[in-house]
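Asker: Here is what each chain is made of, one letter per residue.
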Amino acid sequence: MSDASFNASTVAAQPRADEASFGDYFALLKPRVMSLVVFTALVGLLAAPVSVHPIVGFCAILFIAIGGGASGALNMWWDADIDKVMKRTKGRPIPSGKVEEGEALALGLALSGLSVIMLGLATNWFAGAFLAFTIFFYVVIYTMWLKRLTPQNIVIGGAAGAFPPVIGWVAATGSMSIEPWLMFALTFMWTPPHFWALALFMRSDYDDAGVPMLTVTHGRRATRWHILIYTALLATLAVGTSFSGIGGPIYLMVAVVMNALFLRGAWQISRRSEDDAEADNFKVERSFFKLSLLYLFLHFGAVLVEALLKPYGLGGWS
Amino acid sequence: MSLRKSHELHQRRFSRNLGVGLTLAAFIVIIFGLTIVKVAGTDFGMATQEVQN
Chain A
0 MSDASFNAST
10 VAAQPRADEA
20 SFGDYFALLK
30 PRVMSLVVFT
40 ALVGLLAAPV
50 SVHPIVGFCA
60 ILFIAIGGGA
70 SGALNMWWDA
80 DIDKVMKRTK
90 GRPIPSGKVE
100 EGEALALGLA
110 LSGLSVIMLG
120 LATNWFAGAF
130 LAFTIFFYVV
140 IYTMWLKRLT
150 PQNIVIGGAA
160 GAFPPVIGWV
170 AATGSMSIEP
180 WLMFALTFMW
190 TPPHFWALAL
200 FMRSDYDDAG
210 VPMLTVTHGR
220 RATRWHILIY
230 TALLATLAVG
240 TSFSGIGGPI
250 YLMVAVVMNA
260 LFLRGAWQIS
270 RRSEDDAEAD
280 NFKVERSFFK
290 LSLLYLFLHF
300 GAVLVEALLK
310 PYGLGGWS
Chain B
0 MSLRKSHELH
10 QRRFSRNLGV
20 GLTLAAFIVI
30 IFGLTIVKVA
40 GTDFGMATQE
50 VQN
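The listed protein sequences correspond, in order, to chains A and B. Residue numbering for the first sequence follows numbering that gives the first Met the number 0, beginning at 0 and increasing consecutively. Residue numbering for the second sequence follows numbering that gives the first Met the number 0, beginning at 0 and increasing consecutively.
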C-alpha cells in the first residue's frame, strides 16, 4: 500500500480497513495449500530410506513450504482479475484491495528465489532445481498458460500440487526412485475428482469467471462421469501402492476402506441428476469433497506410519 | 513526507512491522542452526590433509 494517501489528522492509530496487515501478506501464500504441501513433503522426506538430520529436515520442509507459498502469491498476482469475480476468492488480499498486485508479484518472486537457493544449500541442488521446476510449472504452465485454455486445467494443475513429496524424497536422498512417483501419482489422480466435486456445488463461480472448467465446457453430466472414472483409476493406483516399498499392511487397510468409501461416493455422484442435487443442496457432492480431504490425509498418514515403524522392524511387508 | 519516530504510522503498522521483525529473527536463527549442523558434519581433517597432499 502506498503511504502517499496517508493523512495523519484523520486516521486513528490502528490498522485501516484497506491497509494490509502481516496476515494479509501471509494469506498471499495460501496457507491451507501450504499445509498440504508441508504434510506431503514431510511424508516424502521421512519415507525415504535415508536418515536426515532433524534441523536439515526442518529446513527442507520449511523451504519447500515457502516455495509453495511463493507460487500461491504469483498465482494470486496473475489471477487477480478472476479472483475479483468468484465468490470463493473475492475476499483474497488483492481483490479486497488490501494488497497491490505489484506487491504480490514482488513477494512471490523474492520468496521463489529464496526458497530455491536455501533448499539447494540446505539439502542438495537436485532438490532445489526440482522446487524451481515446480514453481515454474504451477505459475507459468498452469496459471498463465493452461488454466484459462483447457478444461483439463485441474488435471494439469494437479501435477504441481503433487510434486512436494517427490521434492521431500529428493531432498533426503539426492536421487530418484519409483516410490516418490507413486506418492506423486496418488495426489495427481486425487486432484481432479476433488476439484470437480467442488465445481459441481460452487457452480456459478467458474462460469462467472470464464474459467473453462469441465462443468462449463462439457456439462455437469460429463463431469459426474469424469469423477467416477478418475476415482476408479485412483482406487486402483492407491491400493496397488500398498505392495510397493512405501506400502504395508496398515497402508493396505487404510487404502481398502477409504477407496471403497470414495468409490461409493463417486458412484452416487455419477447416478444423481441435477434435480436430485438441487433438492438436497448438493449434499452428496459436498460430503464427497469433505471425504476427499480425509482420503488424502489418511493415505499419506499411512505411508508415514509405515515409514516410522520400519526402524522397529514393523513397517512394510518385511 | 518525513517520518518522525513518534509518528502514528509507526503505531498503526506496529503489528505488521513486528511480524516482519520476528520473521527475520526466525530466519537468522534457522540459518545459524543450519550452519552449525553443516559445519559439524564436515570432516575438516580430511580436507586439510587433501590440501597438504
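Take these hints with a grain of salt, some might be off.
To be verified - Simulated restraints, written as ranges between beta carbons of each label pair: (1) A:N280 to B:F31: 29 to 37 Å; (2) B:F31 to A:V32: 23 to 31 Å; (3) A:F296 to B:I27: 52 to 60 Å; (4) B:F13 to A:W124: 34 to 42 Å; (5) B:I27 to A:N280: 25 to 33 Å; (6) A:S174 to B:S14: 41 to 49 Å; (7) A:S50 to B:I27: 20 to 28 Å; (8) B:V50 to A:L232: 24 to 32 Å.
These aren't lab readings, by the way, just hints derived from the structure by calculation. The beta-carbon is built from N, C-alpha and C at its ideal position, and this holds for glycine as well.
Asker: If a hint holds in the structure, say so; if it doesn't, say that too.
Answerer: Cross-check of the supplied hints:
Between A:N280 and B:F31 the beta carbons are some 53 Å apart, a value that contradicts the proposed interval 29 to 37 Å. Between B:F31 and A:V32, the C-beta spacing of about 29 Å keeps the proposed range 23 to 31 Å intact. The hinted window of 52 to 60 Å between A:F296 and B:I27 is violated, with their beta carbons roughly 33 Å apart. For the hinted restraint 34 to 42 Å between B:F13 and A:W124, the CB-CB distance of approximately 40 Å keeps it satisfied.
Remark: the range hint 25 to 33 Å for B:I27 to A:N280 is contradicted by a beta-carbon distance near 51 Å. A hinted range of 41 to 49 Å for the beta carbons of A:S174 and B:S14 is consistent with their spacing of about 44 Å. Remark: the range hint 20 to 28 Å for A:S50 to B:I27 is upheld by a beta-carbon distance near 27 Å. Restraint check, B:V50 to A:L232: a C-beta distance of roughly 57 Å breaks the suggested window 24 to 32 Å.
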